[in-house]
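Chains as they are written, first to last, in numbering that gives the first Met the number 0: chain A, 0 to 170; chain B, 0 to 172.
To be clear, the hints were calculated from the coordinates, so they are not data collected in a lab. Wrong hints could be hidden among the right ones.
Reference excerpt, derived from the structure (chain A facing chain B, CB under 7 Å, subset only) [unchecked claim]:
{"#": "1", "residue": "68"}
{"#": "2", "residue": "72"}
{"#": "3", "residue": "74"}
{"#": "4", "residue": "76"}
{"#": "5", "residue": "78"}
{"#": "6", "residue": "141"}
{"#": "7", "residue": "145"}
{"#": "8", "residue": "146"}
{"#": "9", "residue": "156"}
{"#": "10", "residue": "158"}
{"#": "11", "residue": "161"}
Pairwise CB distance ranges (calculated) [to be verified]:
{"#": "12", "chain 1": "A", "residue 1": "137", "chain 2": "B", "residue 2": "164", "range": "21 to 27 Å"}
{"#": "13", "chain 1": "A", "residue 1": "46", "chain 2": "B", "residue 2": "15", "range": "29 to 35 Å"}
{"#": "14", "chain 1": "B", "residue 1": "68", "chain 2": "A", "residue 2": "92", "range": "42 to 48 Å"}
{"#": "15", "chain 1": "A", "residue 1": "136", "chain 2": "B", "residue 2": "79", "range": "24 to 30 Å"}
{"#": "16", "chain 1": "B", "residue 1": "152", "chain 2": "A", "residue 2": "149", "range": "39 to 45 Å"}
{"#": "17", "chain 1": "A", "residue 1": "94", "chain 2": "B", "residue 2": "96", "range": "49 to 55 Å"}
{"#": "18", "chain 1": "A", "residue 1": "10", "chain 2": "B", "residue 2": "80", "range": "48 to 54 Å"}
{"#": "19", "chain 1": "B", "residue 1": "29", "chain 2": "A", "residue 2": "46", "range": "22 to 28 Å"}
{"#": "20", "chain 1": "A", "residue 1": "109", "chain 2": "B", "residue 2": "68", "range": "45 to 51 Å"}
Idealized CB from N, CA, C, for every residue including glycine.
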Amino acid sequence: MIRPATPDDLPSMVETYNQAIADKVFANCDVPHDSIEKFMLTYFGKDRRFAVLVYLSSDGDTVAWGALKPFSARPDDETMAEVAVYVRRDMRARGVGIRLLQALEVSAREAGFESVVAIILGPNHASARGCKSQGFAECVRIPRIARLENNLVDIVWLQKKMEGNAHGFDR
Amino acid sequence: MKSTVSDAYHAHPMAPDATLRCLTDAMGSDTWQRVLAQRFSSPDDCVAEIFNSRRPGGAYRCTRGDGVPSGWAVYFRFHERAGYDGSMKLVLHSEDEDASSTVFDVLSTACASKGIEQGVHTLISVVDSHMQHHASWFSDSPFLLGGAVGARGNSMLNVFYRKLLDDSAGHSR
Numbered sequence: 000m001i002r003p004a005t006p007d008d009l010p011s012m013v014e015t016y017n018q019a020i021a022d023k024v025f026a027n028c029d030v031p032h033d034s035i036e037k038f039m040l041t042y043f044g045k046d047r048r049f050a051v052l053v054y055l056s057s058d059g060d061t062v063a064w065g066a067l068k069p070f071s072a073r074p075d076d077e078t079m080a081e082v083a084v085y086v087r088r089d090m091r092a093r094g095v096g097i098r099l100l101q102a103l104e105v106s107a108r109e110a111g112f113e114s115v116v117a118i119i120l121g122p123n124h125a126s127a128r129g130c131k132s133q134g135f136a137e138c139v140r141i142p143r144i145a146r147l148e149n150n151l152v153d154i155v156w157l158q159k160k161m162e163g164n165a166h167g168f169d170r
Numbered sequence: 000m001k002s003t004v005s006d007a008y009h010a011h012p013m014a015p016d017a018t019l020r021c022l023t024d025a026m027g028s029d030t031w032q033r034v035l036a037q038r039f040s041s042p043d044d045c046v047a048e049i050f051n052s053r054r055p056g057g058a059y060r061c062t063r064g065d066g067v068p069s070g071w072a073v074y075f076r077f078h079e080r081a082g083y084d085g086s087m088k089l090v091l092h093s094e095d096e097d098a099s100s101t102v103f104d105v106l107s108t109a110c111a112s113k114g115i116e117q118g119v120h121t122l123i124s125v126v127d128s129h130m131q132h133h134a135s136w137f138s139d140s141p142f143l144l145g146g147a148v149g150a151r152g153n154s155m156l157n158v159f160y161r162k163l164l165d166d167s168a169g170h171s172r
């Protein structure tokens with residue numbers, strides 16, 4: 000089941016985020032977070048157009064989460080949202096991320112966004128495949144700018160246009 | 000000749016107080032509204048990042064040969080995440096529309112030189128297609144186009160980058 004996240008989900012969201020970094024699956028080039036405060040501010044203190052969703056297992060555990068947030072390169076552009084999805088390590092490669100991505104796309108359309116952008120690390124081929132399977136297209140590649148341990152890796156921006164959503168909300 | 004024109008302009012490093020004045024004066028400009036305001040809530044915040052002693056960054060003023068100010072540039076960490084420690088966002092601002100290409104040449108060269116000293120490996124600019132002087136200059140500059148995404152009002156956000164250091168050893172895509 001997928002439902003909107005609440006602050007009660009924050010501990011599991013942070014844990015899943017940190018797993019992705021610890022497991023070196025090229026989720027991002029961040030360092031692990033040791034508190035939930037930043038997540039609270041980032042995902043629960045902002046415009047309600049930006050959905051935060053969690054994926055629950057059959058026994059009710061939060062096993063993945065995903066969110067829309069202002070596009071980091073142009074946060075004041077109300078037509079764009081940045082999307083990110085994180086899946087608990089024991090639930091990866093089971094289609095959970097794709098279902099969250101699809102749900103976030105529905106939320107983005109309902110909120111009137113004209114496009115969503117995923118920013119991923121170049122070696123994260125699994126995420127790139129998942130995004131492309133949902134209609135995202137690679138638009139930007141900046142070579143070797145993000146450091147992971149001793150390697151510099153590419154950053155890739157993938158964008159999906161929300162056809163028919165132009166001027167879909169009151170500006 | 001371009002070299003003669005460029006020789007008439009000079010870049011000078013700016014201290015934090017001079018940088019703050021430049022940014023404050025530019026708050027009504029596209030440079031602030033379309034670029035810097037996307038990252039910083041105030042010029043003070045921006046200055047704090049540029050001159051953060053724990054990482055690279057810098058600011059330059061461009062003046063004509065007769066001393067008249069003609070533009071400025073700042074650069075600072077591309078993104079707050081830890082892995083972007085050598086990737087810098089470059090922001091160029093011209094106050095002399097007719098000479099903006101020369102001003103950008105002088106400023107970007109100064110920032111690149113200083114960046115190399117600081118260990119910066121990449122300069123990056125995200126250029127709104129509505130900022131025509133910038134888009135035109137970057138297209139004909141040492142920067143390479145990484146691509147573009149569609150944005151508000153049929154504009155494109157073009158991402159330009161310039162590699163400053165040979166990072167071919169140990170890299171991975």
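- Message: For each hint given before, does the structure comply? Return the numbers of the non-compliant ones in rising order.
- Response: 1, 11, 14, 18
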